[in-house]
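Protein chains in written order, with my numbering: chain A, 502 to 789; chain B, 1014 to 1243.
Read the hints as simulated data drawn from the structure, not as lab findings. Please note that a few of the clues may not be correct.
[Unchecked claim] Here are the simulated PhoX-like pairs of lysine-lysine, each with C-alpha atoms no more than 20 Å apart in a straight line:
1. Lys1017/B / Lys1088/B
2. Lys548/A / Lys1017/B
3. Lys610/A / Lys1017/B
4. Lys610/A / Lys548/A
5. Lys626/A / Lys610/A
Just so it is clear, the structure is predicted and the values come from calculations on it, not from any experiment.
The lines below spell out each chain.
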Amino acid sequence: MQPILSVKGLTKRFEGFTLSNVSFEIPPGFVMGLVGPNGAGKTTTLKSVLGLLRRDAGEVLVSGLDPEWDGAAARTRIGFVHDEPRFPRYLTLRDISAIISRFYAGWNKARFLRLMDTFELPLRKRFGVLSRGMRMKFALVLALSHDAQLIVMDEPTTGLDPVFRRELLDVLQGLLEGERASILFSTHITADLDRIADYVTLLQDGRVVFSEAKDDILERWALVKGARELATDQPEHWFRGIQVGPHGFEAITDDLPGVRRHFGDAVIIERPTLEDIVLLTSSGRTNA
Amino acid sequence: MLPKLLYREWILHRQVVMLMFAIFGAYQIYALLNMDSARAWIVFAALYSAFLTAALFIREDKFRATGWTCILPIKRIELVRARFIVSWAMVVAALGGATLLAVVLPGTKFPVSEIFNTSTLLIVAALTTLIFAWILPFSIRFGMVGIMVFLVGAQIGGVLLLLVGQRMNRASGGAGRPIRTALAAISDTLVSARDALSPTLFVIVVIVVLVATNWLAYRFAAFLFDRREL
Chain A
502 MQPILSVKGL
512 TKRFEGFTLS
522 NVSFEIPPGF
532 VMGLVGPNGA
542 GKTTTLKSVL
552 GLLRRDAGEV
562 LVSGLDPEWD
572 GAAARTRIGF
582 VHDEPRFPRY
592 LTLRDISAII
602 SRFYAGWNKA
612 RFLRLMDTFE
622 LPLRKRFGVL
632 SRGMRMKFAL
642 VLALSHDAQL
652 IVMDEPTTGL
662 DPVFRRELLD
672 VLQGLLEGER
682 ASILFSTHIT
692 ADLDRIADYV
702 TLLQDGRVVF
712 SEAKDDILER
722 WALVKGAREL
732 ATDQPEHWFR
742 GIQVGPHGFE
752 AITDDLPGVR
762 RHFGDAVIIE
772 RPTLEDIVLL
782 TSSGRTNA
Chain B
1014 MLPKLLYREW
1024 ILHRQVVMLM
1034 FAIFGAYQIY
1044 ALLNMDSARA
1054 WIVFAALYSA
1064 FLTAALFIRE
1074 DKFRATGWTC
1084 ILPIKRIELV
1094 RARFIVSWAM
1104 VVAALGGATL
1114 LAVVLPGTKF
1124 PVSEIFNTST
1134 LLIVAALTTL
1144 IFAWILPFSI
1154 RFGMVGIMVF
1164 LVGAQIGGVL
1174 LLLVGQRMNR
1184 ASGGAGRPIR
1194 TALAAISDTL
1204 VSARDALSPT
1214 LFVIVVIVVL
1224 VATNWLAYRF
1234 AAFLFDRREL
């Protein structure tokens, strides 16, 4: 099956930062979480998918179309939710939707009105008076109203309170049930991915650490805890990240058989969370 | 695509366009009752209306409208084309309204024939073309910064030109006025060209040059905007 989104060897150079050789794919109907600390290259990747940046190397295809060369056709298939929706404050939701709906041949007015109703978004309200959560919901309604094949969301839950965040994720999950759309969801809040992601791509310093199914990641990676002395024995050989404290170390590995062989029963091995993986791989080696 | 983009411009800027036109109208009433030369009046009106478009670009920047527009399924060149058309439409609408005022306002000194004079209209079109050819590509590429750079650059350029003129004037012992001489030379060249061609052919040539200048500015703006990373 042709992936909805295919990114191969994406490279973009800025002064002081390079997004280097990023590759991943999203099959139709799945959710890909793009996770990593601030400055890892998540937004640069999303902008490249939208065709807003000129890449230095690599290939990006949205339903077989390159957004850099067939931008208009590719973006017809994309619904985008910005981390902070940036519509003019003085326009009403009716004005904004009137502008945007004209650009999409597949605009589904009935669905738009139904979603506005579901989210209790009044068309007469000005965008500027909406709360951050309501703005995010409105952006989501716009993204979901033109039969997009790919929904791209740039840190949509950042800055939302936990209750609202959970509500938004529930709504998103509910909306996508039975849909063919795929989602590319960037975040640095790994708990969001635990809830909705099927695949996870971890970016660190502009490079992909891994990109695979979430269940495979949690199966293959392991959290290793042991005495402080053990950490001095070439930890970088076994671990992808380690934190050494006064009473011992905590490390993350994707080579569980190797760790078992080397350390035997001297260490405790646990199933990690995505947060453990992200935190420890971004820490490299640290001494607490 | 163009009607959709023009609709976008209208929804985004309709209130400020109405306000600007109201202020422009009030100024025109004052000018019509006080100025003596029809040509000077229409040229000032053209300059004023050409710079009105800058207000739209400043608003685009302020509300970051370009960013979310480029996420829509449009080509950037289409957005540039819409900007050029909106800019020209504003100038034509403003001058049309000003001319209507000149006709209906009691106490105006200009006969309509003086305004609808071929050479006056060509001067207006040439001035507007020059302003747009300078201001649009850079404001489309660099937003408000582009307009500031244009205005500051124009001021500095003007000051430098005057200084160079003064220096050359002093060097020649006050015998010549180089800026005036240069302007007279341009004027003479145009007059000679007009005399060498038939009046109709001259008008056609000028129109072709102006259209070509607008087209080049549009392509240049599209080239710059295509390279803008959002």
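**Item:** Hints that the structure is at odds with (numbers, increasing)
**Value:** The structure breaks hints 2, 4; every other hint is satisfied.
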